[in-house]
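Colleague: Use the sequences and the hints to build the structure in full.
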Amino acid sequence: MKSRLLASSVFAGAAFMAQASMLAVAQEADEAVDTVATTTEDATARQETVYVTGSRIAQPNMTTTSPVTSVSANDVKLQGVTRVEDLVTQLPQAFAAQNSTVSNGASGTATVSLRNLDLGGSATRTLVLVDGKRLPYGSPNDAAADLNLIPGQMVERVDVLTGGASAVYGSDAIAGVVNFIMKDDFEGVQIDTQYGFYQHNNDYDTNGNLRDVIAQRAVGNPSQFALPDDNVIDGYSKEITAIMGINTDDGRGNLTAWFGYRNNDEVLQGDRDYSACAIGSATATGFTCGGSSTSFPGRFT
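Add 79 to a position in the sequence shown, counting from 1, and you land on the number used in my numbering.
No wet-lab data here; the hints were simulated from the structure.
Quick caveat, the model's predicted, so the values are computed rather than measured.
Among the hints, a few may not be true.
Unchecked claim - Cβ pair distances, simulated, as ranges:
id : residue 1 : residue 2 : range
1  : 220       : 248       : 20 to 26 angstroms
2  : 323       : 135       : 39 to 45 angstroms
3  : 346       : 195       : 18 to 24 angstroms
By construction, the Cβ of each residue, glycine as well, lies at the ideal position given by its N, Cα and C atoms.
Modeller: Encoded structure:
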């Protein structure tokens, strides 16, 4: 009888211990589930705040129209120009930033100024792009891009934006943007040559007889002034360019090589009757020929 009671007590104690262990494990599992649920709820609460910084929904009030002028390769061929600056400056809204009024301060680069908003011969308000990328500076002393870096024979077309694009490109696009689109599928060989010069007749003999005034000044100061010749031929220009290209067999690539040589002689202001000296008006119908403020033969420091 005692053995049976002892066995029953041992069995009851073992069953109680097993039940207590199961309750402890279940309690720990419930706590873990509650922790995961709380963490998920906190993450969901943090994700409820959404910040919108932009929108791709078309808004008519935010869209503007900008005037764009395009010059194709066929137009370039019909105009017969080989230099990029000659092509751009023929447009009515484009001006050469470094023209005949900039002599001593010229940097030797070819720049473009839209609407002539650039001052001092520096085209820093007109942005120049090549296939949508900025063209680097042409001179260490000038931030304007040099058009001489662009091979004219490889230009497919030129897009000129004159509406101002400073909001997109920055302050250097206040006057507008000139974008050169280059050829990416040229195949074959093309060679172009050009030769030219300037011819001028010094016959500016209108009111005041300008040539007589210059001649009189030249007689009084032969070391500083000389009467230009009647017929002047100068500014000889020689240029040759070659372009070679080939496409890959799969049509996914192109290899293009370009070579160019150019030599331009100078055009001196002393060889023109209207610029041989500083012209002033002494009377209503007469001119005076003034000299330079720099003493001859110059100032050396």
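Colleague: Each of the hints needs a verdict: does it hold here or not?
Modeller: Going down the list of hints, with the structure as the test:
| no. | hint | in the structure |
| --- | --- | --- |
| 1 | 220 - 248: 20 to 26 angstroms | holds (23 angstroms) |
| 2 | 323 - 135: 39 to 45 angstroms | holds (44 angstroms) |
| 3 | 346 - 195: 18 to 24 angstroms | holds (22 angstroms) |
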